[in-house]
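Undergrad: Residue-level listing of the chains:
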Amino acid sequence: MVAVAAHATQSDTVYAVVREHGIYRSQESGKTWRLMDSGPQEGIRQLVHSNMAGSMQTGWLFAATPKGVRRIMDCFCLWQSAGHLASQILSVTYDPKQPEHLAAATENGLLRSVDGGENWTEMEPLGSRAVAAAFTRSGALFAIDADGKLFRSADQGGAWEQVNA
Amino acid sequence: MLKVLAGAMLLGTGHVAIAHAADESPPLDPDSVKSGRAIYEQRCASCHGADARGAPNWQEPDERGELPAPPHNSQGHTWRHSDAMLYEMIAKGMRDPFNKTTRLTMPPFVDAMSPEQIRAVIAYLKTLWTPEQRAFQSEESRQQPSLSKSQ
Chain A
49 MVAVAAHATQ SDTVYAVVRE HGIYRSQESG KTWRLMDSGP QEGIRQLVHS NMAGSMQTGW
109 LFAATPKGVR RIMDCFCLWQ SAGHLASQIL SVTYDPKQPE HLAAATENGL LRSVDGGENW
169 TEMEPLGSRA VAAAFTRSGA LFAIDADGKL FRSADQGGAW EQVNA
Chain B
24 MLKVLAGAML LGTGHVAIAH AADESPPLDP DSVKSGRAIY EQRCASCHGA DARGAPNWQE
84 PDERGELPAP PHNSQGHTWR HSDAMLYEMI AKGMRDPFNK TTRLTMPPFV DAMSPEQIRA
144 VIAYLKTLWT PEQRAFQSEE SRQQPSLSKS Q
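From first to last, the protein sequence lines stand for chains A and B.
So for the first sequence, our numbering puts the first residue at 49; every next one is plus one.
So for the second sequence, our numbering puts the first residue at 24; every next one is plus one.
There is no bait here: all hints are sound.
Below are the DSS-like pairs computed for lysine-lysine, each with C-alpha atoms no more than 30 Å apart in a straight line:
(1) K145/A x K115/B
(2) K145/A x K123/B
(3) K123/B x K115/A
It is worth saying that the hints were derived from the structure and are not from the lab.
Construct the complete structure from the given sequences, taking the supplied hints into account.
TA: What follows is the structure, given as structure tokens:
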């Protein structure tokens, strides 16, 4: 297994990415699984489910891939390139308070989107290479750099403070 | 493409059940299929194709920034949607939220087709899918009951 993601609103639904199989979904807290899709061609490094509006079903899945962020409704209709980022994506996350707001740790730095991944802009750099990012439910953004240092931003990457964890 | 797994173990635990497509999906009513095909040819084929192969390059936005009409055959993704969702799409229309235009690229047919006619079109579409896809869609329909009373 290479990635796992909890459903944004359904407490018993979880997705698991299995190499050379694809994306499985369980709606029974992992008791049973169903293969839903083979996933994007590029492969998946990390997956997140979001309750961003506009889905025909219950939400969206965003995948960090070696060639950008990929996006799909959770009915698994059609994988689309979110913003046509060509770089390797290490991590993607969304703001639960504003689900159309995303953040991505990429090989070229931290990026943010305020329109569901259509457009991306650079955040203030950490000063070192970010390898993972995650929003909290309150909207705070955390990032970890390659040295394992933890940083926190209260303004979606406008400014960072190191956290002594 | 969906793989149907039988008896495989996931995650190496040996304690996780893999749900695989049911052996059979419910039989289709031939009269409904026949009626649905005629309605499809009249109402749907102009965009989705008489052979249901969809518009060319349907997976990429066109020059207007709209996703073209997808295929309804086994090469498309129609089979991934429950009956309830398909009914909603036909009745109310839809657009991809990332289209650059605001119009419904799939027009609503609620005023042009009766509930029975919409259901007949869905029945016809099911004849275009593989047995595995039909079984998958049948299970999705079972898990997602009707969205509106009109269905």
